[in-house]
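Asker: From just these sequences and the hints, can you work out the full model?
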Amino acid sequence: NEDFKFVVTDPENQAFEVNVFDWEQVGKHEKMGMNMVLLKDLPPEETKVTTLNLLKTMDPNDVQNEKSRGQLTLELTYKPFKEEDGEIEDPEGTNVIEKAPDGTPAGGGLLYVIVHEAKDLEGKHHTNPYAK
Numbered sequence: 004n005e006d007f008k009f010v011v012t013d014p015e016n017q018a019f020e021v022n023v024f025d026w027e028q029v030g031k032h033e034k035m036g037m038n039m040v041l042l043k044d045l046p047p048e049e050t051k052v053t054t055l056n057l058l059k060t061m062d063p064n065d066v067q068n069e070k071s072r073g074q075l076t077l078e079l080t081y082k083p084f085k086e087e088d089g090e091i092e093d094p095e096g097t098n099v100i101e102k103a104p105d106g107t108p109a110g111g112g113l114l115y116v117i118v119h120e121a122k123d124l125e126g127k128h129h130t131n132p133y134a135k
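Numbering (this note's numbering), first residue to last: 4 to 135.
Note that these hints are calculated values from the structure, not bench results.
Quick reminder that beta carbons are idealized off the backbone N, C-alpha and C, glycines included.
One or more hints might be untrue.
Lysine-lysine pairs mimicking DSSO-like chemistry, simulated, CA-CA at most 27 Å apart [said to hold, decoys possible]:
id, residue 1, residue 2
1, Lys31, Lys51
2, Lys31, Lys85
3, Lys122, Lys31
4, Lys70, Lys34
5, Lys43, Lys59
6, Lys8, Lys85
7, Lys122, Lys8
8, Lys70, Lys31
9, Lys122, Lys70
10, Lys43, Lys82
11, Lys8, Lys34
12, Lys51, Lys82
13, Lys51, Lys8
Listed next, with one range per pair, are the computed distances between beta-carbon atoms [stated by the list, open to error]:
id, residue 1, residue 2, range
14, Pro46, Asp6, 29 to 37 Å
15, Pro46, Trp26, 29 to 37 Å
16, Phe9, Thr76, 12 to 20 Å
17, Lys34, Asn4, 19 to 27 Å
18, Thr50, Thr12, 34 to 42 Å
19, Thr12, Val66, 28 to 36 Å
20, Asn4, Pro83, 22 to 30 Å
21, Pro83, Val52, 13 to 21 Å
22, Lys8, Pro46, 16 to 24 Å
Answerer: Structure follows, in structure tokens:
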């Protein structure tokens, strides 16, 4: 499991894009697949677990997307900053309060992402997947 935290400035128009690579110690990392989640589809303050089918490209007409590239299971929680003070509580209950970064427009917040699993990934040899 990997967990990440991202600042969201415009949840109505932003998307969370994930790219999965086969990590290579020497040489170039091989891209295994990608997908995205529209942030406007995430209800604020609710945790959503979703399984994404990895795609070659985000072009819905690309025939390369017909080939199965594996799946990625994510847990996503969008926490809007409170309008009155620009603060937010950590969803893990640690009572850590964070302020909105300077320049964050009203309506922003934090997106908490936990990568639970990846399965049926394809690689040329050994797979050492990582997401970014």
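Asker: Does each hint fit the structure? Answer for all of them.
Answerer: Tested hints:
no. : hint                      : verdict
1   : Lys31 x Lys51             : violated (33 Å)
2   : Lys31 x Lys85             : violated (42 Å)
3   : Lys122 x Lys31            : holds (22 Å)
4   : Lys70 x Lys34             : holds (14 Å)
5   : Lys43 x Lys59             : holds (23 Å)
6   : Lys8 x Lys85              : holds (17 Å)
7   : Lys122 x Lys8             : holds (23 Å)
8   : Lys70 x Lys31             : holds (23 Å)
9   : Lys122 x Lys70            : holds (15 Å)
10  : Lys43 x Lys82             : holds (12 Å)
11  : Lys8 x Lys34              : holds (22 Å)
12  : Lys51 x Lys82             : holds (12 Å)
13  : Lys51 x Lys8              : holds (15 Å)
14  : Pro46 x Asp6: 29 to 37 Å  : violated (20 Å)
15  : Pro46 x Trp26: 29 to 37 Å : holds (33 Å)
16  : Phe9 x Thr76: 12 to 20 Å  : holds (18 Å)
17  : Lys34 x Asn4: 19 to 27 Å  : holds (22 Å)
18  : Thr50 x Thr12: 34 to 42 Å : violated (21 Å)
19  : Thr12 x Val66: 28 to 36 Å : holds (35 Å)
20  : Asn4 x Pro83: 22 to 30 Å  : holds (25 Å)
21  : Pro83 x Val52: 13 to 21 Å : holds (20 Å)
22  : Lys8 x Pro46: 16 to 24 Å  : holds (18 Å)
Violation of the numbered hints given earlier is confined to hints 1, 2, 14 and 18; the remaining hints are satisfied by the structure.
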